[in-house]
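Protein chains in written order, with the numbering used here: chain A, 1 to 112; chain B, 1 to 114.
Some clues are possibly wrong.
Stated by the list, open to error - Distance ranges between label pairs, derived from CB positions:
#  : chain 1 : residue 1 : chain 2 : residue 2 : range
1  : B       : Asp-54    : A       : Thr-77    : 42 to 52 Å
2  : A       : Tyr-39    : B       : Val-52    : 43 to 53 Å
3  : A       : Glu-5     : B       : Ile-60    : 13 to 23 Å
4  : A       : Gln-50    : B       : Leu-114   : 40 to 50 Å
5  : B       : Lys-57    : A       : Glu-5     : 23 to 33 Å
6  : B       : Thr-112   : A       : Glu-67    : 36 to 46 Å
7  : A       : Glu-67    : B       : Arg-44    : 21 to 31 Å
8  : B       : Lys-14    : A       : Gly-16    : 48 to 58 Å
9  : A       : Pro-112   : B       : Asn-18    : 39 to 49 Å
10 : A       : Ser-7     : B       : Ala-81    : 34 to 44 Å
11 : B       : Gly-40    : A       : Ser-26    : 19 to 29 Å
12 : B       : Asp-95    : A       : Lys-51    : 15 to 25 Å
13 : B       : Lys-70    : A       : Ile-44    : 21 to 31 Å
Treat the hints as calculated values from the structure; they're not laboratory data.
Bear in mind that the values here come from a model prediction, so they are computed numbers and not experimental data.
Note that CB positions come from ideal geometry on N, CA and C, so glycine has one too.
Residues per chain, in single letters:
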Amino acid sequence: SQELEQSPQSLIVQEGKNLTINCTSSKTLYGLYWYKQKYGEGLIFLMMLQKGGEEKSHEKITAKLDEKKQQSSLHITASQPSHAGIYLCGADIVGNTGKLIFGQGTTLQVKP
Amino acid sequence: DGGITQSPKYLFRKEGQNVTLSCEQNLNHDAMYWYRQDPGQGLRLIYYSQIVNDFQKGDIAEGYSVSREKKESFPLTVTSAQKNPTAFYLCAIKDRGRSTDTQYFGPGTRLTVL
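Modelling step: build the complete structure from the supplied sequences, incorporating the hints.
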């Protein structure tokens, strides 16, 4: 079973619509990372959350970490075709080792 | 991240052959990582190194080997013992920020076994 579960696995939205991707763990997360990937390319770092209840935003993307530090959500407001790609959450569940585990990824398509 | 290079971008290997993937960084970071990505499974950690001349096994090290003779280089060898080597391989470095550590990734190498 996956230690870090992402949902949904895939998402198709109309341009301009909002969307949310979730990332859930059964263990406490010492650090939660969100990355974006275009197919066949490396991962681009989006945001990192560490404290319970923390929220960060970059342009139209907002990420939150719940108080228990076991669930994170990534919210995109007014989606654009440039938001299309694979979104991955990664987490440090051991603490300060740099060893990350990853969710399966969420593939996002944005229809113009 | 522009400071991490992986080569080649595409690699083809015949069954039974060893092959080495290159990862170089010019960012002066101590920690480097190798991950494997398969469709629908996210990334899995193969090996990591926190300092020169030292490295540790990750979750799926069987059939792989690494070396860390220089700070800027962390090559990964996929040996003939690796049963399913066809995958996308990603190298990463850890940037130790003032309050948080972040991993940045290279562009990846796609290995195909023929």
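Structure-based check of each hint:
Range check, B:Asp-54 to A:Thr-77: about 44 Å between beta-carbon atoms, so the 42 to 52 Å window is met. Distance hint for A:Tyr-39 and B:Val-52: a CB-CB separation of about 34 Å, inconsistent with the stated range 43 to 53 Å. A C-beta distance of roughly 19 Å is found between A:Glu-5 and B:Ile-60, which places it inside the suggested range of 13 to 23 Å. Look at A:Gln-50 against B:Leu-114: about 44 Å separates their beta carbons, and that is inside 40 to 50 Å.
For the pair B:Lys-57 and A:Glu-5, the beta carbons lie near 25 Å from each other, so the given range of 23 to 33 Å is met. Restraint check, B:Thr-112 to A:Glu-67: a C-beta distance of roughly 45 Å satisfies the suggested window 36 to 46 Å. The hinted range of 21 to 31 Å is satisfied by A:Glu-67 and B:Arg-44, whose Cβ atoms lie roughly 29 Å apart. At roughly 49 Å, the beta carbons of B:Lys-14 and A:Gly-16 sit within the given window of 48 to 58 Å.
Taken as a hint, the range 39 to 49 Å holds for the pair A:Pro-112 and B:Asn-18, whose Cβ atoms sit roughly 46 Å apart. Hint check: A:Ser-7 to B:Ala-81, Cβ distance near 36 Å, so the stated range 34 to 44 Å holds. Hint check: B:Gly-40 to A:Ser-26, Cβ distance near 20 Å, so the stated range 19 to 29 Å holds. The beta-carbon spacing between B:Asp-95 and A:Lys-51, approximately 19 Å, falls within the hinted interval of 15 to 25 Å.
Remark: the range hint 21 to 31 Å for B:Lys-70 to A:Ile-44 is upheld by a beta-carbon distance near 27 Å.
The structure fails hint 2 only (numbered hints given earlier).
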